[in-house]
Structures are given as C-alpha cells and as structure tokens.
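J.: Numbering that gives the first Met the number 0 applies: residue 0 is where the sequence shown begins, and numbers increase by one.
In case anyone wonders, no lab produced these hints; they're calculated from the structure. Treat each hint with caution, since some may be false.
If you anchor each label on the Cβ, the simulated ranges turn out as follows [unchecked claim]: (1) G240 with K117: 14 to 22 Å; (2) A41 with T242: 19 to 27 Å; (3) V82 with A192: 42 to 50 Å; (4) M241 with A192: 19 to 27 Å; (5) Y250 with N160: 38 to 46 Å; (6) A41 with N160: 34 to 42 Å; (7) S127 with K148: 34 to 42 Å; (8) L69 with K175: 28 to 36 Å; (9) Y103 with L74: 31 to 39 Å; (10) T242 with K55: 21 to 29 Å; (11) S127 with L69: 17 to 25 Å.
With a straight-line cut-off of 30 Å between C-alpha atoms, the simulated DSSO-like cross-links for lysine-lysine are [to be verified]: (12) K186 with K200; (13) K141 with K71; (14) K71 with K55; (15) K152 with K71; (16) K117 with K152; (17) K141 with K38; (18) K120 with K236; (19) K141 with K239; (20) K175 with K200; (21) K117 with K141; (22) K236 with K55; (23) K239 with K38.
Glycine residues also receive a C-beta, built at the ideal position from the N, C-alpha and C atoms.
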Amino acid sequence: MDYKKLFIHDNDASAADKSLCEQLITQREANFSHAPFDKELAFYESICSGNIELVKVLASPLCSEGYGVLSKNPLTNLKYHLVVSVAMITRYCINSGMSPEQAYSMSDMYILKGDECKTEKEIHAVHSEMLVEFTKRMREIKNGRIYSKPIVKAMDYISENLHNRIMIQDVAEYLKLSVSYLSRLFKSEVNIAFSEYVNIKKIEEAASMLRFTEYSDIEISNILDFSSQSYFIKVFKKYKGMTPRVYKNNYHFLNEDNQKKENTT
C-alpha cells in the first residue's frame, strides 16, 4: 500500500483551507449562523427519550433558519438535509439502545422515501414521519424494558397528551381498567403516583420550552394546560428548585456567558 496517498499534500490542504475560508466569509456576509449546538443536542436527546411532544417543540423544518446550504437546487438541498437528519438520528438511537439492524433498516427506508420525492412538501412530510417513528420506537424500547404492557400504554398516553389535562380516569377508560387498579399498578411499577408522574413529565417539557423557545411562563402554563399559572409555578419550583422565570433567565445568562468565552478563545 502506498501510505503517502493517505495524507493530504500541502497544496490540497491549502486549497481546502481556502475553500473553507471563502465559505465562512460568505456565511458571515449573509449573517448566517448554524443552530445552537445545545438545542440540537436536546432535540436528539428528546427523540432518544421517546418524548414525542418535546420533539415537536424542539424540531424545526428542514432548511429553516440555522441550516446550511448543501445544494443550490432547493429540492436537492432538502434531500441532502433529510439524509443528514436521518443519519444523525439513526446513530443517536443506536447509542441509546436501538438495535443497529432496526435503526439502519429505518434509515434506509426513509432515505429511499426521500429520494423518491418530487416536491418539497413531500420531503417535509417524510421528515416529519421519520421523527415521529424513530421517537415512538425509542419510547417502546425504553419503557418495554422495565414496565408491564398496561403501564407502557399509560406512559404512551401521557407522552402524547402533555398539552392536555391528563386525568387518571381518562387513562383508565382508555386502557379498559378500573381507576383503583391502574393507580395501584402505576405506583407499584413506577414507584410514584400517577399524578406526580404526569407533573414531572409536564415540568420536563416546560423546562425545555423555557430553554429553547421564546414562550413566556404564562404561555407555557397555558400550553401544558395547568389549572392556573400559580399552580404551574408551584409545581415547577418543586421539581426545579426555582421559578420558571428564574430558570429561563439563568439558562440565558449561562448561554450568553459561554458564547462570550468562545468568542474570546
């Protein structure tokens, strides 16, 4: 083997550096910046945790603000970004417990679906379907390891209805179980009461919305269907140790501080 071929010649490196420099200058002139990495990481983690409602909050349409240009042809650009999105999600899910066989099969399926698309609308539809399906599979994997089938279904119901008022009576009726039996089973397997689990999941989503969206605490309280803003603040403080407003301000302060440090290095 000619090992010299494995290394980039100085001329090649210079050409690559020049191209990269030109790309950076073009992006700066256009005031372009990629999406914040912490938000991107939170998005992938929401998929791996199986939280569909949180995925919907953190997801952004392909080629919206923060996406780079991979092709001058709009349709091809969308297809390239779909492939990147599928590839990233596939690897995050494998790292979080999905079998490689299942993950790569889903990856191939959605890349092929995207390749067959003739319009931008079709590609966006494939992207949305892909996000939901990977998230559902991860939720099944996470919950299926330790909980019985009724509890997994109850957790699925909660995950899909975080923006609604969730009552144990409604879930019991959905599962065709008595309220008392579901309450005992939930406490036995999850080690916390049904209502507390619902509050924890709602506060987890509220925290992500405070970090990654411009919604106010009042708007989030309404979106997650808390009975009142005061009750939302009380529950949030119970699990996060501070009010929603302080939590949001602290996160933005830390984020701005980190950006300043990056700019000075």
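J.: Would you mind marking each hint as holding or not holding in the structure?
T.: Hint check results:
1. G240 with K117: 14 to 22 Å: violated, 52 Å
2. A41 with T242: 19 to 27 Å: holds, 21 Å
3. V82 with A192: 42 to 50 Å: holds, 44 Å
4. M241 with A192: 19 to 27 Å: For M241 and A192 the Cβ distance comes to about 24 Å; the hint holds.
5. Y250 with N160: 38 to 46 Å: At 26 Å between Cβs, range violated.
6. A41 with N160: 34 to 42 Å: violated, 21 Å
7. S127 with K148: 34 to 42 Å: Violated: the Cβ-Cβ distance is about 28 Å, outside 34 to 42 Å.
8. L69 with K175: 28 to 36 Å: Hint violated: Cβ distance 49 Å, outside 28 to 36 Å.
9. Y103 with L74: 31 to 39 Å: violated, 25 Å
10. T242 with K55: 21 to 29 Å: holds, 25 Å
11. S127 with L69: 17 to 25 Å: holds, 20 Å
12. K186 with K200: With Cα atoms ~16 Å apart, K186 and K200 stay inside 30 Å; holds.
13. K141 with K71: At roughly 40 Å apart (the allowed maximum being 30 Å), K71 and K141 break the hint.
14. K71 with K55: holds, 28 Å
15. K152 with K71: violated, 45 Å
16. K117 with K152: Distance ~37 Å between K117 and K152 Cα, so the pair is violated.
17. K141 with K38: holds, 22 Å
18. K120 with K236: Between K120 and K236 the Cα gap is close to 42 Å, so the pair fails against 30 Å, i.e. violated.
19. K141 with K239: It holds: about 24 Å lies between the C-alpha atoms, which stays within 30 Å.
20. K175 with K200: Between K175 and K200 the Cα gap is close to 23 Å, so the pair holds against 30 Å.
21. K117 with K141: violated, 36 Å
22. K236 with K55: holds, 24 Å
23. K239 with K38: holds, 19 Å
The structure fails to meet hints 1, 5, 6, 7, 8, 9, 13, 15, 16, 18, 21 from the earlier list, while all remaining hints are met.
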